[in-house]
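**Q** These protein sequence lines are chains A and B, in that order. In terms of the working numbering, the first sequence opens at residue 1 and continues consecutively. In terms of the working numbering, the second sequence opens at residue 116 and continues consecutively.
Incorrect hints may appear among the rest.
Claimed, not checked - Taking lysine-lysine pairs in the DSS-like style, the calculated list, with each CA pair at most 27 Å apart, reads: (1) K170/B with K67/A; (2) K41/A with K116/B; (3) K169/B with K211/B; (4) K22/A with K44/A; (5) K206/B with K71/A; (6) K170/B with K116/B.
Unchecked claim - Non-contacting residues of chain B with respect to chain A, defined by C-beta distances greater than 10 Å in every case (computed): (7) F133; (8) S139; (9) L150; (10) Q152; (11) G172; (12) R173; (13) L174; (14) Q181; (15) H188; (16) S209; (17) E210; (18) T221; (19) N223.
The hints are simulated quantities; they were obtained by calculation from the structure and are not laboratory data. Glycine is no exception: its CB is placed at the ideal position from the N, C-alpha and C atoms.
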Amino acid sequence: DTAVSQTPKYLVTQMGNDKSIKCEQNLGHDTMYWYKQDSKKFLKIMFSYNNKELIINETVPNRFSPKSPDKAHLNLHINSLELGDSAVYFCASSQAVGRIEETQYFGPGTRLLVL
Amino acid sequence: KNEVEQSPQNLTAQEGEFITINCSYSVGISALHWLQQHPGGGIVSLFMLSSGKKKHGRLIATINIQEKHSSLHITASHPRDSAVYICAVNKGGSEKLVFGKGTKLTVNP
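Work the whole structure out from these sequences, hints included.
**A** In structure tokens form, the structure reads like this:
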């Protein structure tokens, strides 16, 4: 059973298109995250949701819109894709009870290439 | 300057060697994480610690809160340990993780 899954694994698209990446976790966790890993392999948080509510929103262009239909899913929609959006996007989840920091479980990543 | 610094950036070792990867941070933290990113890209959490030392198999992680420093040790290294090891911290009691740039480890047979 996959704990944190993402679809698609690979996404190649043209500049200007709109695309979505889906994430699902079957761990029963309350908190989910989106991270971006750039070409230099540097990871950076984009968003975090706790029980469907946005709790972390880093300085990310508003072309990126996360949506959490329930606490097991956190999808990432990207409008008007740009070349600089090419990266690997990782979803993660944790059972963050209150303010207690918890181990995060990562999805396999979605490799986005914008041409 | 990045809030989380790792050294070395790249490390090549022979099978069987003892490996140490260092992480220093400049912010107040509530926990520190060591992650492993395999050559295929998947990320696995190895340790989360807020004090002292943790051991799992051949891996040992230590943290010194006063010195704002953590080390990840691998004993009897093996080629399958080849990966990028990433240090990350929970900044100021938040779920938000701030990452180091990673240490690429290559263990040769």
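**Q** Taking the hints in turn, state whether each one holds.
**A** To see whether the hints hold, each was checked on the structure:
| no. | hint | result |
| --- | --- | --- |
| 1 | K170/B with K67/A | violated, 38 Å |
| 2 | K41/A with K116/B | holds, 17 Å |
| 3 | K169/B with K211/B | holds, 22 Å |
| 4 | K22/A with K44/A | holds, 18 Å |
| 5 | K206/B with K71/A | holds, 24 Å |
| 6 | K170/B with K116/B | violated, 30 Å |
| 7 | F133 | holds, 25 Å |
| 8 | S139 | holds, 17 Å |
| 9 | L150 | violated, 8 Å |
| 10 | Q152 | violated, 8 Å |
| 11 | G172 | holds, 17 Å |
| 12 | R173 | holds, 19 Å |
| 13 | L174 | holds, 14 Å |
| 14 | Q181 | holds, 19 Å |
| 15 | H188 | holds, 20 Å |
| 16 | S209 | violated, 7 Å |
| 17 | E210 | violated, 5 Å |
| 18 | T221 | holds, 15 Å |
| 19 | N223 | holds, 21 Å |
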